[in-house]
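Listed in order, the protein sequences are those of chains A and B. Quick note on numbering: my numbering labels position 133 of the first sequence as 133, and the sequence is numbered without any gaps. Quick note on numbering: my numbering labels position 82 of the second sequence as 82, and the sequence is numbered without any gaps.
Since the hints were derived computationally from the structure, they do not count as laboratory data. Glycine is no exception: its CB is placed at the ideal position from the N, C-alpha and C atoms. Don't take every hint at face value.
[What the hints assert, rightly or not] Selected chain A positions facing chain B (in silico; Cβ < 10 Å):
no. : residue
1   : Gln76
2   : Lys131
3   : Gly135
[Stated by the list, open to error] Covered stretches of chain A (chain B as the covering partner; in silico rule of three or more C-beta atoms under 8 Å from a C-beta of chain B):
no. : region
4   : 50-63
5   : 81-87
6   : 102-110
7   : 192-200
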Amino acid sequence: MPRFETQQLESIRRDNILFKDISFSLDQGELLQIDGVNGSGKSTLLRICAGLTLPNSGAVLWDNTSIDSNRHHYLQNMTYVGHQNGVKDALSVHENIQVIHALSGTSDVLDCTSTLNQVGLSIDEDVLLGKLSAGQKRRVGLCRLVLNTSQLWLLDEPFTSLDIEGKALIERLIVSHCQQGGMVIFATHQAIEIEGADIRHIHLGKTNGN
Amino acid sequence: MATRFTPFICILKRDLIIACRNRYELINPLLFFIMVIVLFPLAMGTDQTMLRDITAGMIWVTALLASTLSLDAMFRTDFEDGSVEQLTLSNYPLTLLVGAKILAHWLVTGVPLILVSLLVGYILSLSYAALMALFITLLLGTPILSLIGAIAVALTIGLRGGMLLSLLILPLYMPVLIFSMLAVNNANDGLSISAECYFLAGLLVLAITLAPVATAASLRIRLS
C-alpha cells in the first residue's frame, strides 16, 4: 500500500524559520490542503514534498523509504504542477501536449483532443500557446494530471487564473482521482469546499504552526 | 512506442522548433560574429599578408565570444516558465534530457557559426590547408563550447549576471583555443595537425561524458 509521509520537516529561509515540525501522512484516497498566508511557506513545503528543494531537517517518505534513496520509484508515482505551468509559449497546444506526454513516461497512445476535452478546452490544437489566455495556459499545464498515471498529485495554487467552471472541473478531477485511490496535496490560501470529499488541513503560519 | 530515447528526441525536436520560431535569437550571434570580423580590417588596415596571418585567430576568438552570447538562451525561458522543474521531475534521467538540449543548442548556434566562419575565412583569403584545419577544429571545438557553457549557464541561471557567465567560461575555453590555433598554424606551415585534433577530440569526449551530468546537477542546485 503506497503511503506518503513527512517527518518533522523544517525549512529555514534567510535565518528565519519558515516552518518546523511538519509531520503528516497520507493514505490512499486522502486529500490534504496546505493553507496559510502569503509567504508562510506553502510553496516551499510542496517543493520539498516533490523533492525539488531539500528541507533543512526532516525527511519525506514514499512507501516508507526516503524519496532521495528511491527517487526513480517516487517520480513514477508523483506529478507536480507548480506555480508556473511548465509549458512553452513558442510551441502550439498540440506540441506542448506531446512534450508532456513524452515526459510522463506512459506507454498509452496520445489522444490530444480527448486530453484537451478532459480539462475543458475546445480550441484549435495548432494555435501557439502564447496566444492563449492565462486560464487556458493553466488548463494546458494541468493536462499533466490527465496524462499521468501517478498516484500522488502535488498542486501548487491549482485554481489560479481559472474561471468558476475551470475551478469546478479541477475539483472534479481531484475528487475522482481520490476515489480511484489516489492522493492529492494542494496548496492554496483560498477556503476550498469540495463536494463529496473530506479535506484535511495543514496550516502554516507563525501563530499556530501546524 | 516509448523507448528510452523517446524523450531525448522529443526534447531535441522541441528545442529545434522553438529556435526556428525565434529566428532573431539564431541570427543575432551570427550578425555579431560578422560585425566583429569586419572591425578587424578597419582597425588594422587592409594589408593582405598581415590579415592572412591573423584571420584564423580572429575567427576563433570571435566565435568564442559569439557562442558565449548565445549561451544564455539555453535555459532562460525554460527556467522562467517552469519547464526545468518538469524536466527534473520527469521519469527520465535529467542528464539525458539536458544532453538533448545541449545538442539542440549546438545544432542551431554551432553549425551556422562553422559555416559562416568558413565563408569569412575564404573571403579573407586563408590558404586551403588553413581553411581545412579551421573547419576541423571548429567542428571538434564548438560542441565543447556548448557543453562547457551549459554547466556555467545552469549555475548562473536566474542571476542577472551575463558578465559573470563570461568570466566563468572564458578561462575554460582557453585549451580549446590553444589547440585549435596550434592546428591552424601547423597547417599553414604544411605540418601535420593530427596531434592537436586528437587532443581536441579527447576534450570533446571528456566534455560529452561529464558536462551533461554536471549541468543536471547544477540545475538541481539552482532549483532548490
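Quick rundown of the hints versus the structure:
{"no.": "1", "hint": "Gln76", "verdict": "5 Å, holds"}
{"no.": "2", "hint": "Lys131", "verdict": "12 Å, violated"}
{"no.": "3", "hint": "Gly135", "verdict": "16 Å, violated"}
{"no.": "4", "hint": "50-63", "verdict": "holds (count 5)"}
{"no.": "5", "hint": "81-87", "verdict": "holds (count 6)"}
{"no.": "6", "hint": "102-110", "verdict": "holds (count 6)"}
{"no.": "7", "hint": "192-200", "verdict": "violated (count 0)"}
Consistency with the previously given hints fails for numbers 2, 3 and 7, ordered from lowest to highest.
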